[in-house]
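Engineer: The lines below spell out each chain.
Number of protein chains: 2
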Amino acid sequence: MVDPAVPADLAALTAQYEAVRQRVKDTKKSGDAAAQTAAIEDLKQAQRTLSAAKDASKAAAKAAAGSAAAPGAAAGSTDAATKAPVKADPAAAAALSTEAETASSGYVLKVPKGTRDYLPKEMAIRERMFDTIRAVFKRHGGVTIDTPVFELRDILMGKYGEDSKLIYDLQDQGGELCSLRYDLTVPFARFLAMNTDLSTIKRYHIGKVYRRDQPSVNKGRMREFFQTDWDIAGIYDPMIPDAECVRVMVEILTDLKIPRWRVKINHRKILDGMFDVCGVPEDKIRAISSAVDKLDKMAWAEVRKEMIDEKGLDPQVADRIGEYVKLSGLTELVDTLAQDPRLKANARAQEGVEDMRLLFRYLEIYGVMDKVVFDLSLARGLDYYTGIIYEAVLLPSSEAAGEDDLTVGVGSIAAGGRYDNLVGMFSNNRSVPCVGVSIGVERVFAILSRMEAAKASAAVDTRVYVCGMGKGDDLCTAQRMKLASELWDAGIAAEFMFKTKPRMQAQFDYVDANHIPIVVNLFPKDVAEGIVTLKCAELGVNAQVPRGEVVAEIQKLLPQLA
Amino acid sequence: MVDPAVPADLAALTAQYEAVRQRVKDTKKSGDAAAQTAAIEDLKQAQRTLSAAKDASKAAAKAAAGSAAAPGAAAGSTDAATKAPVKADPAAAAALSTEAETASSGYVLKVPKGTRDYLPKEMAIRERMFDTIRAVFKRHGGVTIDTPVFELRDILMGKYGEDSKLIYDLQDQGGELCSLRYDLTVPFARFLAMNTDLSTIKRYHIGKVYRRDQPSVNKGRMREFFQTDWDIAGIYDPMIPDAECVRVMVEILTDLKIPRWRVKINHRKILDGMFDVCGVPEDKIRAISSAVDKLDKMAWAEVRKEMIDEKGLDPQVADRIGEYVKLSGLTELVDTLAQDPRLKANARAQEGVEDMRLLFRYLEIYGVMDKVVFDLSLARGLDYYTGIIYEAVLLPSSEAAGEDDLTVGVGSIAAGGRYDNLVGMFSNNRSVPCVGVSIGVERVFAILSRMEAAKASAAVDTRVYVCGMGKGDDLCTAQRMKLASELWDAGIAAEFMFKTKPRMQAQFDYVDANHIPIVVNLFPKDVAEGIVTLKCAELGVNAQVPRGEVVAEIQKLLPQLA
Numbered sequence: 007m008v009d010p011a012v013p014a015d016l017a018a019l020t021a022q023y024e025a026v027r028q029r030v031k032d033t034k035k036s037g038d039a040a041a042q043t044a045a046i047e048d049l050k051q052a053q054r055t056l057s058a059a060k061d062a063s064k065a066a067a068k069a070a071a072g073s074a075a076a077p078g079a080a081a082g083s084t085d086a087a088t089k090a091p092v093k094a095d096p097a098a099a100a101a102l103s104t105e106a107e108t109a110s111s112g113y114v115l116k117v118p119k120g121t122r123d124y125l126p127k128e129m130a131i132r133e134r135m136f137d138t139i140r141a142v143f144k145r146h147g148g149v150t151i152d153t154p155v156f157e158l159r160d161i162l163m164g165k166y167g168e169d170s171k172l173i174y175d176l177q178d179q180g181g182e183l184c185s186l187r188y189d190l191t192v193p194f195a196r197f198l199a200m201n202t203d204l205s206t207i208k209r210y211h212i213g214k215v216y217r218r219d220q221p222s223v224n225k226g227r228m229r230e231f232f233q234t235d236w237d238i239a240g241i242y243d244p245m246i247p248d249a250e251c252v253r254v255m256v257e258i259l260t261d262l263k264i265p266r267w268r269v270k271i272n273h274r275k276i277l278d279g280m281f282d283v284c285g286v287p288e289d290k291i292r293a294i295s296s297a298v299d300k301l302d303k304m305a306w307a308e309v310r311k312e313m314i315d316e317k318g319l320d321p322q323v324a325d326r327i328g329e330y331v332k333l334s335g336l337t338e339l340v341d342t343l344a345q346d347p348r349l350k351a352n353a354r355a356q357e358g359v360e361d362m363r364l365l366f367r368y369l370e371i372y373g374v375m376d377k378v379v380f381d382l383s384l385a386r387g388l389d390y391y392t393g394i395i396y397e398a399v400l401l402p403s404s405e406a407a408g409e410d411d412l413t414v415g416v417g418s419i420a421a422g423g424r425y426d427n428l429v430g431m432f433s434n435n436r437s438v439p440c441v442g443v444s445i446g447v448e449r450v451f452a453i454l455s456r457m458e459a460a461k462a463s464a465a466v467d468t469r470v471y472v473c474g475m476g477k478g479d480d481l482c483t484a485q486r487m488k489l490a491s492e493l494w495d496a497g498i499a500a501e502f503m504f505k506t507k508p509r510m511q512a513q514f515d516y517v518d519a520n521h522i523p524i525v526v527n528l529f530p531k532d533v534a535e536g537i538v539t540l541k542c543a544e545l546g547v548n549a550q551v552p553r554g555e556v557v558a559e560i561q562k563l564l565p566q567l568a
Numbered sequence: 007m008v009d010p011a012v013p014a015d016l017a018a019l020t021a022q023y024e025a026v027r028q029r030v031k032d033t034k035k036s037g038d039a040a041a042q043t044a045a046i047e048d049l050k051q052a053q054r055t056l057s058a059a060k061d062a063s064k065a066a067a068k069a070a071a072g073s074a075a076a077p078g079a080a081a082g083s084t085d086a087a088t089k090a091p092v093k094a095d096p097a098a099a100a101a102l103s104t105e106a107e108t109a110s111s112g113y114v115l116k117v118p119k120g121t122r123d124y125l126p127k128e129m130a131i132r133e134r135m136f137d138t139i140r141a142v143f144k145r146h147g148g149v150t151i152d153t154p155v156f157e158l159r160d161i162l163m164g165k166y167g168e169d170s171k172l173i174y175d176l177q178d179q180g181g182e183l184c185s186l187r188y189d190l191t192v193p194f195a196r197f198l199a200m201n202t203d204l205s206t207i208k209r210y211h212i213g214k215v216y217r218r219d220q221p222s223v224n225k226g227r228m229r230e231f232f233q234t235d236w237d238i239a240g241i242y243d244p245m246i247p248d249a250e251c252v253r254v255m256v257e258i259l260t261d262l263k264i265p266r267w268r269v270k271i272n273h274r275k276i277l278d279g280m281f282d283v284c285g286v287p288e289d290k291i292r293a294i295s296s297a298v299d300k301l302d303k304m305a306w307a308e309v310r311k312e313m314i315d316e317k318g319l320d321p322q323v324a325d326r327i328g329e330y331v332k333l334s335g336l337t338e339l340v341d342t343l344a345q346d347p348r349l350k351a352n353a354r355a356q357e358g359v360e361d362m363r364l365l366f367r368y369l370e371i372y373g374v375m376d377k378v379v380f381d382l383s384l385a386r387g388l389d390y391y392t393g394i395i396y397e398a399v400l401l402p403s404s405e406a407a408g409e410d411d412l413t414v415g416v417g418s419i420a421a422g423g424r425y426d427n428l429v430g431m432f433s434n435n436r437s438v439p440c441v442g443v444s445i446g447v448e449r450v451f452a453i454l455s456r457m458e459a460a461k462a463s464a465a466v467d468t469r470v471y472v473c474g475m476g477k478g479d480d481l482c483t484a485q486r487m488k489l490a491s492e493l494w495d496a497g498i499a500a501e502f503m504f505k506t507k508p509r510m511q512a513q514f515d516y517v518d519a520n521h522i523p524i525v526v527n528l529f530p531k532d533v534a535e536g537i538v539t540l541k542c543a544e545l546g547v548n549a550q551v552p553r554g555e556v557v558a559e560i561q562k563l564l565p566q567l568a
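Residue numbers (the numbering used here), protein chains in the order written: chain A, 7 to 568; chain B, 7 to 568.
Bear in mind the hints are in silico, worked out from the structure with no lab data behind them.
Listed next, with one range per pair, are the computed distances between beta-carbon atoms: (1) B:Ala464 with A:Leu336: 37 to 43 angstroms; (2) B:Gln345 with A:Ala496: 37 to 43 angstroms; (3) B:Gln550 with A:Arg456: 49 to 55 angstroms; (4) B:Glu458 with A:Ala496: 25 to 31 angstroms; (5) B:Ser463 with A:Ala496: 27 to 33 angstroms.
A few chain B residues that face chain A, going by a derived Cβ cut-off under 8 angstroms, partial list only: (6) Thr121; (7) Pro126; (8) Met129; (9) Arg145; (10) Glu157; (11) Asp175; (12) Leu176; (13) Gln177; (14) Gln179; (15) Lys214; (16) Glu257; (17) Gly373; (18) Ala465; (19) Ala499; (20) Thr506.
Simulated pairs of lysine-lysine, BS3-like, Cα-Cα distance not exceeding 30 angstroms: (21) A:Lys488 with B:Lys263; (22) A:Lys144 with B:Lys507; (23) B:Lys214 with A:Lys171; (24) B:Lys214 with B:Lys377; (25) A:Lys144 with B:Lys488.
Yeah, the Cβ is synthetic: ideal placement off N, Cα and C, and Gly gets one too.
I would like the entire structure built from these sequences, with the hints used as guidance.
Structural biologist: Okay, here's the thing in C-alpha cells:
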C-alpha cells in the first residue's frame, strides 16, 4: 500500500531551518536583493518541510498510543458527510487506520525541485497572457498541434549538444525508452518528418518542457516551464515568412504591454562569414560564436579574454572580431557591410547581407523598424540556425536600477531564427525549411506579475453574487439556488454561499475579495412578497426590483460595466 | 553526438507489416468493426515504421558509398536559404555529413506507444471543446490552478490500489524520486494540504495525465490523455455543492451538444448499507462493489457468477443484492428505500437516503431532473468516495446500432462524487471535504470528432486572404504585405502567400480549403490606379473599391458573416 519512507529527522530539519534563517538575516545586511529573495524562498520551503515533519511525527506518536481520532473530528463541520469518519462504523474505522498509517509514514509535502504550483490569481494572469499570445497567432492564420510530453529517447538524442545531459529520462519499465521533451522545436521537426503530406504549415504550440537544470526561483529558471512557439514551415520566397515572424514577435510584446524592449537581429551567414574573414579556424567557429553570444552579459574585454585564454584564439583575430561585433544599426549597416573590403569578398557573408537588405525592406512595410536593430554581436547559442536570428531584450530603465526595474534578472523575452536543416535530420527524402520564434512566457509572466502586483485583480469572473440576508434557520436557500440557476441559464456567471444560514459578513467579504460587481440580496420577508434588492456600486444601483424582472435588469447592467 | 541505434532489420519489419496486413483482411471478413479499425491503425503504424527503416537503410547505403548529396537538393526550392546546403561551403558540408550520419542511424519515426500527435483540424475541435467546458466552469465562479506534471513518488503511492502499477516513474538521475501524475485529484489533494490558507475553493484543472495501461486507439484509451476536473472543496451544508456539481456536468454536456445521455446517481453509504443488510462480509464489500460496477457492461447473471465463483459470495446474498441493483428511479425510489424493511434499520443507508432526498430537492430547483436517474447499480471503482457518486453515460441509439451509433465503444463520459478524506491523507491537522466531477474529454472528443466529420470545418480562423493576381515577376508583394499589415493592425486575421509570384490557383485552393470568407485581389494594373477587388461569396460581394477604403469596407462585412 504505502511505500515505507524514512522518518523525518526533526532535529536535522530544525537545524537546517535555522541555518537558512541565518542566511536570510545575512543577505538582508548585505543588501543583495537577489540573494535575499532566494534565501526567503528557501526559508519558506524549509518551514514547510519542518512543519510537515512535525505533523507526521505527532501523528506517529498518536498512532503508537493507539488513538484513532479522526484528523477532521475537531473541525466543527456542519456537513453530515464530514462527520462520518468519527462514527463507530467498521468501514470508517478501517479508512481511519489507513489514514493514520499514511500520515505516520511522514510525507514531505512539497513539489519536486524546480517545479511549482500556480495559484488561482497567478493562473488568471497566465491565462490572460496565453489568450493574448494566441490571438496574435490566430490573426496570422496560425493553427495549433499537440505532441506527447515524452518522445522516444532516440528522437531527442544528438539535438542539444552538451545540454543533452539536462534531459529527463523516464524509467525503463519495459517497452520503449522515452524522455521528457526538452523543447517544442525538435518534436515539431519530428512531427513534420512524419506527416509528409504537410509540406507547409504555420503552427503554434503552447506546452510544457523539461530540463534538469539547476533551478533558480529568483531568475525564473525552473525545471518544468512553458514554451510558446510559432513556426512557419515550407518552401517560400526569401525573407517573407522571416519578416512575418518578426512582426508576430512585435505584435505579441506590444499587445502584452511589455514596456521598453527591442528586437536584435543578425544573420548566421554574416556571423560565419565574419568569423571566416577575421581568421577564425573552421573548427573554432561554434566556440567563438558561443563566446560572442555572452556579450549581452559580459564586457568585450572579458569576452576577448575568454576567446584568447580559453578558446586559444590569436589576439589579432579577436581584435578583428571586436571591430565587427560593436556594430549595430539598421539599413545603413547593411550598406556598410556590403561595402566592407573583407566581407565583400566572402560569398557567404554577402548572401546574409542581401537577406538583411530584403528583410529590412519588408520590416519597413510592416511598420516595425522602430522596434528592431541589426546587431552584429547577436549570436544565439543553438547550433541549428541557418539564416536570420533574432532576440527581443528588455531595455534597462532610464532611472537608476531600483526594485521597480522590470529588467532586473530578466534576459531575452523572445527569440528565434531560421533553421532549414532540422526536419531533414529525421527525414531523408525531403527538406522542410523553417523559421520561428519562441516567446519566453515564463519571463513575460514574471514581468506581468510584477506589473499587476499593484493592481487589485481577481481570479474569478463571477458577475453576480446572490446573498441570503436577515435571520432564520434557512436564508432563502432554495430561492438563492433558483435565481443562480436562472442566471446560469442566461449565460451569466453567478455564485452564492453553500450554506443554508450564511453569515452576512462572510458573503460581503467574498464579494469584495473577488471584485464581484453585482449583488442580489434576498431577505425572507421581501422574497415572500416577490421582491429582491439589486445592488451595483460601480453603476450606483441600489434598488428593490420584482423577483421576476431581476435577470432582465442584470442583463441591462452587464454591458455598462467596465 | 548521435546515440548509436540498432539498425532496423528490414526483413523482420516487412514480415511484421505483412502479418498486420493479413489481420486487416481477416477482420474485414469477420465483420467485427472494432477489431478492423484497430488492425487498420496498426497497419498504418507498421507502414510508417517500415518506410522509415527503408529510408534509413537507403541513406546508410548512400553514406557508405561516400555520397554527400543533400536530402533537400532535389526539392526544387526557390528559397535561397534552402539551396544553401548544396553549395560548396565547408560549414554546409559539415552540416550535411552530420545529417547523413543521423539519418543512417536508423530513426524509427514514431511517437511512444499509447501517445499520439494531434493535427490542426483535430486541435480546432479540441480547443472549441475546452473553451466550452471552461466557460461553464467560469460561469460557476471556478478558478484554475496548475500543478507539475510529475510529483514526488511518495505522494502518489498508496492512492490508486492495484492501478499503482500503471504509474510512470522518472528515471533516478540523482535527487528526488518522481513519477508522472496518474490523475489530477491526488495532486489537488496534495495542493490543498500544502496551501493551508485555502480552506475553500472551486477549482478546475485541465491537464494531461499518464497511465502505463494497454493502449487501445479504438476505445480511445491512451497512455497520455487529458483530464478536465472540477472540484468544490470546503466545509459546507449538505448536498448544496454536490447538486452544483451535477448541474455543472449537465450544463457542460448540454453546451457540448452531446446527444442522448443520462446522469446515473448513487450514494456510497446506500451502497455500503445495502451490502451490509444483504449479508456481504465487511472484508468483501469493496470486491463485491467492483463486481456491481461492471453491470453497465455485463448482464446480472454474469456479475452474479463472478460474485459467487470468483469472490466466494453466498448465492443467497448475491440474490438479495440482485433485487436491489435492478432498482432505478427518482424521488419515488428515495421513498421506497426509506421504507425498505431491511435498509430502514441500517443507519448508514438511511443517512445516504436522506442525502439523496435533499439532492433531488436541489436538482429539481436546478431544473435537471429529466437528465438524472437514481441507479442502485452504479458503484464507481475508486476507493476514496465517501458520499454521492455519479456518472454520465451515453444512451444507445433507438435504431439498431450501426456505424453512426456514437455510443459504440464509449462508456461513461463524465463522472465523480464526494471524497471527504483524501486531503486528510496528506494533512493531519485538518480535513477538507471535497466533491467533484471529471469530464471524460477524450471520449467527448471522439464523439465530437465523429459528429464534425461530416461538417466542413477549418483549423484556421483567417477572415481575409490577400491575393496577388495577374502576370509578372512580382505580383504586388509589397502591396500585399502592406494590406495584411493594415488588417493585422485593425485586429483582423489575414494571410497572403509567401511568394513573390504566387500561382493564382494555389491561392484560391488555400482560400477554399480553409473556408476563408473574404478575398482581396490585387492586380498590378489596378493597384497602380489605387483600386483593389473585394470579394465575399457568402455575402454576394464582388466589387472594385479604392485601396484606401478596403479595410473599412472589410470591417463593415465582418459582423454580417455567419
